[in-house]
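One letter stands for each residue in the lines below.
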Amino acid sequence: MSKKFLSGNEAFAEGIRLARPQVISAYPITPQTIVVERLSEMVEDGSLSAEYVHVESEHSALSCAIGASAAGARAFTATSSQGLLYMAECLYYASGGRFPIVMMNADRSTALPWNIYGDQRDSLSQLDSGWIQSYAENAQEALDLALMSYRIAEDKRVSTPYMANLDGFVLTHTYETVDIPEREQADRFLPSYETDNRIDLENPKNMAFSAGPDTNYIFKYKEHEGILAASEVIKETEKDFAEIFGRKYSGLTENYRTEDADYIIVTLGSIAGLCRETADKLREQGVKAGVVRIRYMRPFPNEEIAEVLKNAKAFAVLEKDISFGNEGTVFTNVNSALKKAGVNVSGYNYIGGLGGRNISAGDIEKIYSDIAEGTDSVNFIGIGGTGNGK
Amino acid sequence: MKEIIWLGRGGQGAFTAAKLLGAAYTIDDDGKYALAFPSFGPERRGAPVRAFTKLDTKPVTDRSQTEKADYIVILDDTLYSPQLSELLRDGGQIIVNSKNDIEGARVFDAEGIATDFRLPTVNTVMFGLLIGLSGVVTQDNATEAIKGYMPKKIQERNIGALLRAVQEVAE
Numbered sequence: 001m002s003k004k005f006l007s008g009n010e011a012f013a014e015g016i017r018l019a020r021p022q023v024i025s026a027y028p029i030t031p032q033t034i035v036v037e038r039l040s041e042m043v044e045d046g047s048l049s050a051e052y053v054h055v056e057s058e059h060s061a062l063s064c065a066i067g068a069s070a071a072g073a074r075a076f077t078a079t080s081s082q083g084l085l086y087m088a089e090c091l092y093y094a095s096g097g098r099f100p101i102v103m104m105n106a107d108r109s110t111a112l113p114w115n116i117y118g119d120q121r122d123s124l125s126q127l128d129s130g131w132i133q134s135y136a137e138n139a140q141e142a143l144d145l146a147l148m149s150y151r152i153a154e155d156k157r158v159s160t161p162y163m164a165n166l167d168g169f170v171l172t173h174t175y176e177t178v179d180i181p182e183r184e185q186a187d188r189f190l191p192s193y194e195t196d197n198r199i200d201l202e203n204p205k206n207m208a209f210s211a212g213p214d215t216n217y218i219f220k221y222k223e224h225e226g227i228l229a230a231s232e233v234i235k236e237t238e239k240d241f242a243e244i245f246g247r248k249y250s251g252l253t254e255n256y257r258t259e260d261a262d263y264i265i266v267t268l269g270s271i272a273g274l275c276r277e278t279a280d281k282l283r284e285q286g287v288k289a290g291v292v293r294i295r296y297m298r299p300f301p302n303e304e305i306a307e308v309l310k311n312a313k314a315f316a317v318l319e320k321d322i323s324f325g326n327e328g329t330v331f332t333n334v335n336s337a338l339k340k341a342g343v344n345v346s347g348y349n350y351i352g353g354l355g356g357r358n359i360s361a362g363d364i365e366k367i368y369s370d371i372a373e374g375t376d377s378v379n380f381i382g383i384g385g386t387g388n389g390k
Numbered sequence: 001m002k003e004i005i006w007l008g009r010g011g012q013g014a015f016t017a018a019k020l021l022g023a024a025y026t027i028d029d030d031g032k033y034a035l036a037f038p039s040f041g042p043e044r045r046g047a048p049v050r051a052f053t054k055l056d057t058k059p060v061t062d063r064s065q066t067e068k069a070d071y072i073v074i075l076d077d078t079l080y081s082p083q084l085s086e087l088l089r090d091g092g093q094i095i096v097n098s099k100n101d102i103e104g105a106r107v108f109d110a111e112g113i114a115t116d117f118r119l120p121t122v123n124t125v126m127f128g129l130l131i132g133l134s135g136v137v138t139q140d141n142a143t144e145a146i147k148g149y150m151p152k153k154i155q156e157r158n159i160g161a162l163l164r165a166v167q168e169v170a171e
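Respectively, the protein sequence lines represent chains A and B. Under the working numbering, the first residue of the first sequence carries the number 1, and numbering increases by one thereafter. Under the working numbering, the first residue of the second sequence carries the number 1, and numbering increases by one thereafter.
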């Protein structure tokens, strides 16, 4: 293991180098650019043996990865924001074709107004595209997810593409100390990709076909089963990962001081660290505060969320997203989990960090104090409640 | 936790200095943690740039911009304003590269040192001044960070400038 001071993008690229993709196709976009630049350098210096395909658009980047996967290769691409939206059509081809491609998405705001800074509206808008979606908090987790992503995506029970989300700038461009695993460890953890879901001259078959009304929905049912199966595969993969690399992860969610918590913030991505620090501070003042970090939005941690929130007095969902005309999408998903489990706890939605706006410790303290007293159902940090459902 | 805010103009290497400090702090000690990040935005030569370094003996998980700093290091004196003292913790210091005295700040002619070492930027000089004044990292670890994270052909001159800056403060 070697220690380096790296950005989230660079750490993710190191993880991908260890995962040995055979084809990389990418189109640069801020704040993803560094990851594809580093991978390009690795291919150039020979430390990564892959076909690096420069394409003319994100639509082509993912199309190329789909073609590579259909030929039986391990494929990687990366994008962000408008790039992700431009490749949206292909997202569904990848998931429907059950091609276990890994893509890094640097979470960034969507236009208009045009903005390059971080929020999560790009990836959350694609929750229905049939991809596994993880959200890393720091550079070490980003590197580790890069390695784990292929194990999870390529598992025959899953066969689903994997989108690894890193908060733009706050994670992709922030430098911190990262342990880089040894090549030998990585090879032991991640075997090479073997599949029957590929073009094979010896065994010709029809791929990427059409299916009419009578059979189409059976494929969709199977696709749903595949992504649901990832819940178990993620746990197994993390167990093996901990044995080889010594770092433990906690499945679809990560709970912090929630056992006896009265007030819990549910969030995702790199803002979770500041939430935990604020919870610590409030605990010193006698407020029983806790934090749930959602690590995977798909498959969604329905049971985990219901279990951890059931004894709380109130919770807030803090997210960098808004589904205009309704509420934040993470809030919708969390409420559905509670409803299905028959859990009835007061919940409030906090929208913040859109277009990269800073979320301060004071903002998070205010969330904890607001939800203890009751507030609007949907609140924009620094602006106010939207007045609905108070 | 120690927090340092770096102010410079695009192209002056303020963020590189922020990174070098983080790398130096953590380079030989698994019990030390650092974060370094720029004020995010399109990179434009000449535009004001802020960068942040956070140093601690436990993992740094607060990724928000520093609200109160122990040191503010200013690479270009046209970016100095008296209001910056509001960003300082009690006992904090402002260090400025300038040929003119500034009340309430420690002023050094970093450009003079940079010129001696044929460097177009003052970032490693300011890094040296900071560590000389603060002792947040040793000059040996700072040297190792330059060796680990700067292109080979400019390492020697930057290390020379850094060490001269440390000496400058010691005198």
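Hint data in this document are derived by calculation from the structure and do not stem from the laboratory. Don't take every hint at face value.
Said to hold, decoys possible - DSSO-like cross-link-like pairs, simulated, lysine-lysine; straight-line CA separation at most 27 Å:
hint, chain 1, residue 1, chain 2, residue 2
1, A, Lys-4, B, Lys-32
2, A, Lys-3, A, Lys-239
3, A, Lys-3, B, Lys-99
What the hints assert, rightly or not - Sample of chain A residues with no beta-carbon within 10 Å of chain B, all distances over it, derived:
hint, residue
4, Phe-5
5, Gly-46
6, Glu-176
Predicted, not measured: the structure shown is a model, and the values here were computed from it. All residues carry an ideal CB built from backbone N, CA and C; glycine is no exception.
### Query
Hint by hint, which ones does the structure fall short of?
Numbers 3, 4 and 6, in rising order.
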